[in-house]
Amino acid sequence: MDKPTTSTTIQCYHCGEACIDKTIHIYEKDFCCEGCKLVYEILNQNGMCDYYAISKNPGLSQRIKVRENKFAFLDDEKITQSLISFKNENQTHITFYLPQIHCSSCLWLLENLHRLNENIISSKVNFTRKEADIIFTHKNISVRKVAELLTSVGYEPYISLNNIHQVKPKLNKSKLYKMGIAGFCFANIMLLSFPEYLGIDTKEQNLITVFRWLSLLLSLPVVFYSASEFYISAWKSIKHKFLNIDAPIVLAVFVTFGRSVFDILTNAGSGYLDSMSGIVFFMLVGRILQDKTYEELSFERDYTSYFPIAVTRINNNQETVSLPDIALNDTLLIHNQELIPADGILTRGKALIDYSFVTGESLPVEKEMGEIIYAGGKQIGSNIEMLVIKEVAQSYLTKLWNRDEFKQATTKEERYSFVHFIARFFTWIVLFLSIASALYWWVVNPDKIWAAATAVLIVACPCALLLSNTFTNGNILRILSRNHLYLRNAQKIEEIASINYIVFDKTGTLTTGRYQDISYGGKPLSKSILKKLAALASQSMHPMSRAVAAWTNENGTHLKVTAFEEVTGKGIEAIVDGELITLGSREFVTGSKLPELESAIYLSVEGDVLGKFNFRNQYRDNIPTLIRQLRKKYKVAILSGDNSGEKNYLQELLGVNAHILFHQKPEDKLGIIKKLQQEGNRVMMIGDGLNDAGALKQADIGIAVAENTNNFTPASDGILEAAKLHLLNQFIQLSKANKRIVMASFIVSILYNIVGNYFAVQALLSPMIAAILMPISSISILIITFGFSNLSAWKMKLK
Amino acid sequence: MSVIILLLIASISVASLFLAAFIWSVKSGQYDDEKSPPMRMLFDDKPGFTTDNNNN
Numbered sequence: 001m002d003k004p005t006t007s008t009t010i011q012c013y014h015c016g017e018a019c020i021d022k023t024i025h026i027y028e029k030d031f032c033c034e035g036c037k038l039v040y041e042i043l044n045q046n047g048m049c050d051y052y053a054i055s056k057n058p059g060l061s062q063r064i065k066v067r068e069n070k071f072a073f074l075d076d077e078k079i080t081q082s083l084i085s086f087k088n089e090n091q092t093h094i095t096f097y098l099p100q101i102h103c104s105s106c107l108w109l110l111e112n113l114h115r116l117n118e119n120i121i122s123s124k125v126n127f128t129r130k131e132a133d134i135i136f137t138h139k140n141i142s143v144r145k146v147a148e149l150l151t152s153v154g155y156e157p158y159i160s161l162n163n164i165h166q167v168k169p170k171l172n173k174s175k176l177y178k179m180g181i182a183g184f185c186f187a188n189i190m191l192l193s194f195p196e197y198l199g200i201d202t203k204e205q206n207l208i209t210v211f212r213w214l215s216l217l218l219s220l221p222v223v224f225y226s227a228s229e230f231y232i233s234a235w236k237s238i239k240h241k242f243l244n245i246d247a248p249i250v251l252a253v254f255v256t257f258g259r260s261v262f263d264i265l266t267n268a269g270s271g272y273l274d275s276m277s278g279i280v281f282f283m284l285v286g287r288i289l290q291d292k293t294y295e296e297l298s299f300e301r302d303y304t305s306y307f308p309i310a311v312t313r314i315n316n317n318q319e320t321v322s323l324p325d326i327a328l329n330d331t332l333l334i335h336n337q338e339l340i341p342a343d344g345i346l347t348r349g350k351a352l353i354d355y356s357f358v359t360g361e362s363l364p365v366e367k368e369m370g371e372i373i374y375a376g377g378k379q380i381g382s383n384i385e386m387l388v389i390k391e392v393a394q395s396y397l398t399k400l401w402n403r404d405e406f407k408q409a410t411t412k413e414e415r416y417s418f419v420h421f422i423a424r425f426f427t428w429i430v431l432f433l434s435i436a437s438a439l440y441w442w443v444v445n446p447d448k449i450w451a452a453a454t455a456v457l458i459v460a461c462p463c464a465l466l467l468s469n470t471f472t473n474g475n476i477l478r479i480l481s482r483n484h485l486y487l488r489n490a491q492k493i494e495e496i497a498s499i500n501y502i503v504f505d506k507t508g509t510l511t512t513g514r515y516q517d518i519s520y521g522g523k524p525l526s527k528s529i530l531k532k533l534a535a536l537a538s539q540s541m542h543p544m545s546r547a548v549a550a551w552t553n554e555n556g557t558h559l560k561v562t563a564f565e566e567v568t569g570k571g572i573e574a575i576v577d578g579e580l581i582t583l584g585s586r587e588f589v590t591g592s593k594l595p596e597l598e599s600a601i602y603l604s605v606e607g608d609v610l611g612k613f614n615f616r617n618q619y620r621d622n623i624p625t626l627i628r629q630l631r632k633k634y635k636v637a638i639l640s641g642d643n644s645g646e647k648n649y650l651q652e653l654l655g656v657n658a659h660i661l662f663h664q665k666p667e668d669k670l671g672i673i674k675k676l677q678q679e680g681n682r683v684m685m686i687g688d689g690l691n692d693a694g695a696l697k698q699a700d701i702g703i704a705v706a707e708n709t710n711n712f713t714p715a716s717d718g719i720l721e722a723a724k725l726h727l728l729n730q731f732i733q734l735s736k737a738n739k740r741i742v743m744a745s746f747i748v749s750i751l752y753n754i755v756g757n758y759f760a761v762q763a764l765l766s767p768m769i770a771a772i773l774m775p776i777s778s779i780s781i782l783i784i785t786f787g788f789s790n791l792s793a794w795k796m797k798l799k
Numbered sequence: 001m002s003v004i005i006l007l008l009i010a011s012i013s014v015a016s017l018f019l020a021a022f023i024w025s026v027k028s029g030q031y032d033d034e035k036s037p038p039m040r041m042l043f044d045d046k047p048g049f050t051t052d053n054n055n056n
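Chains R and Y supply the protein sequences, listed in that same order.
At position 203 of the first sequence (counting the first as 1) the number is 203 in the numbering used here, and the numbers step up by one without a gap.
At position 48 of the second sequence (counting the first as 1) the number is 48 in the numbering used here, and the numbers step up by one without a gap.
Just so you know, these hints were derived from the structure itself, not from any lab.
Check before you lean on any hint, since a few could be wrong.
Stated by the list, open to error - Residues from chain Y that face chain R, not an exhaustive set, calculated with beta carbons under 7 angstroms:
{"hint": "1", "residue": "V26"}
{"hint": "2", "residue": "D33"}
{"hint": "3", "residue": "F43"}
Unchecked claim - Lysine-lysine pairs mimicking PhoX-like chemistry, simulated, CA-CA at most 25 angstroms apart:
{"hint": "4", "chain 1": "R", "residue 1": "K130", "chain 2": "R", "residue 2": "K173"}
{"hint": "5", "chain 1": "R", "residue 1": "K203", "chain 2": "Y", "residue 2": "K27"}
{"hint": "6", "chain 1": "Y", "residue 1": "K35", "chain 2": "R", "residue 2": "K124"}
{"hint": "7", "chain 1": "R", "residue 1": "K292", "chain 2": "R", "residue 2": "K739"}
{"hint": "8", "chain 1": "Y", "residue 1": "K27", "chain 2": "R", "residue 2": "K175"}
{"hint": "9", "chain 1": "Y", "residue 1": "K35", "chain 2": "R", "residue 2": "K799"}
{"hint": "10", "chain 1": "Y", "residue 1": "K27", "chain 2": "R", "residue 2": "K173"}
{"hint": "11", "chain 1": "R", "residue 1": "K56", "chain 2": "Y", "residue 2": "K35"}
{"hint": "12", "chain 1": "Y", "residue 1": "K27", "chain 2": "R", "residue 2": "K350"}
{"hint": "13", "chain 1": "Y", "residue 1": "K27", "chain 2": "R", "residue 2": "K292"}
{"hint": "14", "chain 1": "R", "residue 1": "K175", "chain 2": "Y", "residue 2": "K35"}
{"hint": "15", "chain 1": "R", "residue 1": "K139", "chain 2": "R", "residue 2": "K70"}
{"hint": "16", "chain 1": "R", "residue 1": "K173", "chain 2": "Y", "residue 2": "K35"}
Note that this is a predicted model, so its numbers are computed, not measured.
Ideal Cβ positions, reconstructed from N, Cα and C, are used throughout, including at glycine.
Assemble the whole structure, with the sequences as input and the hints as a guide.
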């Protein structure tokens, strides 16, 4: 062994997880399971052990084996057609989504695939999207073989129904081009303006003219290309009879440009082209920072990315069919850990279906032959056969998804945003000021009307407000994403700040959804009993048995288990090493007919009841603290699809008046959110499963909690990594700080405006004053926004 | 004066080169994936064939 024996747990060389039940010691390395060892062997044979040198324990646990024929559906031409991106006589290009990609070792291994199989020409990893583009010669290797090769080294491709009609979103690069060009023009115009600011000799009239015309030429791409971003947005808002923040900006750009052209043509001055292009450049930089999206996350997932792409049909002979081709009365074979794709009747085998993602129930449901099983659940345990009674498109889950209430697009419009409110207010003041100064000069000295009125519009351009808004939003979004809350866009920050009601889902959100919190009460158990218990419990796939097996921390695989019997919904018993061990419900073990009130299972040895195991949903870290913090400022409620087993505990946590409702169907949750909104609340919904999908959409802001942000999450406004749920209060406070920071920097920009307007209304605004005010105000606003947002994050102990 | 014009042309053309380089870099997808290239360059000059044990 490499490590000294001081540490009691042995780390797996491949995946780094602790080796619990058994350790495979081979090649002077320790492996936690066969799977990890196999991957190591493949890599070692091919001389690719650099994989382990680049980062420590880079693999992922291979404990759960991938079913042998899992990728058989890739032999079907029709299915692979929809997956491959390019094909000619020799080569095929295909992109696989590999959610396991996480470190530099992964990248290295996947880009060296050609060393594992010579028929692979090249592979290129996109780390951000966790995808690998693979090019291979299809004469010698099939798509299925490539998928299996990836699986054999621990990177199982994730192929879902979504892949079939997937349209890759094209990255919008136009903003980057616009920014580059604006920056180029801005810098050169600035350079050309310096001579006049610094007092060029008036005798050099020719040179001045050249400089001015060159500036004008350089400003054209800024006005007609770079700033088009703002024209489009302003035009859209005007069409909806609403002034957004871009409208006054467009006005300012037009007026500045018009005035500058006029000045240059009449030889009256050099205009304000440098300030104008500078503003456009800075605003584009702000936009890009704010729009920097998380490509790897998808906020618009629907059920199709949750469904498999194909299933096994066994009508006459066994074949794989793609999901849309499943017809009524087909018989399907569902393997362990596979999803039930359509509603049907169980025709063979014993189903143990995990619906936690669909309904929120934390315990799997057991179904006997002849019972109806609904789509969306995951089969655990042995293979089952089912007869399809409803097509995929008609099944319960799909229908649920396609319900109109669930679909209503979130038309929470930006017009409610306070920034746009201020901008509108501001626009009217500016217009008024401009007209007032024009009127004044009309009376006093009509020659200066033009100069004064345009100068007011130029100076008062609310670019400072826009800058402070985009930069603050951008920075807050980045801080939040560093702390693993990924918001869909900047608008959501403001929405988070405005909420007053928080609704949680229970299973999977507040709890981990697994039964890990076990306590044993009763007579003490000897080591030999523990071993026997482990041997018995590991015979069953039921999560409670699994949890007990893990709890014993013993390995009973060498013990002889005979006469094993599992009574559905009751318990299990067997003779282990000569002793009859029974594990199950109170009725099953003790014969008592009293109703069961808690999630507990009893243990008896040779008919002698030793004690019971109490199960509790394990709450995520620091949830009680979080709820107590939130209770002080917000109304908090819990809507759960689960049974009311933990009602007392939760009621105590949330307070006597809080809504805590159990057995909630997806429609019920949606309805309650709607009702709360009608009562005038602004609701934040926090959930995880498909059963929350409707509520997440209906709520003013819906946040999906995910163990792993690459896993499937229902459509939402934001995705929060489960381990960071306890920071929710800080996230809300930071969103509130966002508004204060924008306001503060806006006040600063007003001060600059007052100075600028002091010159402007007197028709004294020289291009130089504009050129000085513009960068100073922009830079001070940048300092304020970045400084304050980082300060608030630091105060809240966020990263 | 003609010197200044000359310099002007030189400076703008140099700046244009940089602009062209920027546009080319965006177009060729250098901003599409900002995470893999910095890792990829670490592996460029690794020796080709290594086994983990009894290699030396």
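Hint by hint, here is what the structure shows:
no. : hint            : in the structure
1   : V26             : holds, 5 angstroms
2   : D33             : holds, 5 angstroms
3   : F43             : holds, 5 angstroms
4   : R:K130 / R:K173 : holds, 21 angstroms
5   : R:K203 / Y:K27  : violated, 46 angstroms
6   : Y:K35 / R:K124  : holds, 13 angstroms
7   : R:K292 / R:K739 : holds, 20 angstroms
8   : Y:K27 / R:K175  : holds, 12 angstroms
9   : Y:K35 / R:K799  : holds, 20 angstroms
10  : Y:K27 / R:K173  : holds, 8 angstroms
11  : R:K56 / Y:K35   : holds, 19 angstroms
12  : Y:K27 / R:K350  : violated, 56 angstroms
13  : Y:K27 / R:K292  : holds, 17 angstroms
14  : R:K175 / Y:K35  : holds, 21 angstroms
15  : R:K139 / R:K70  : holds, 22 angstroms
16  : R:K173 / Y:K35  : holds, 18 angstroms
When each numbered hint is compared with the structure, violations occur for hints 5, 12.
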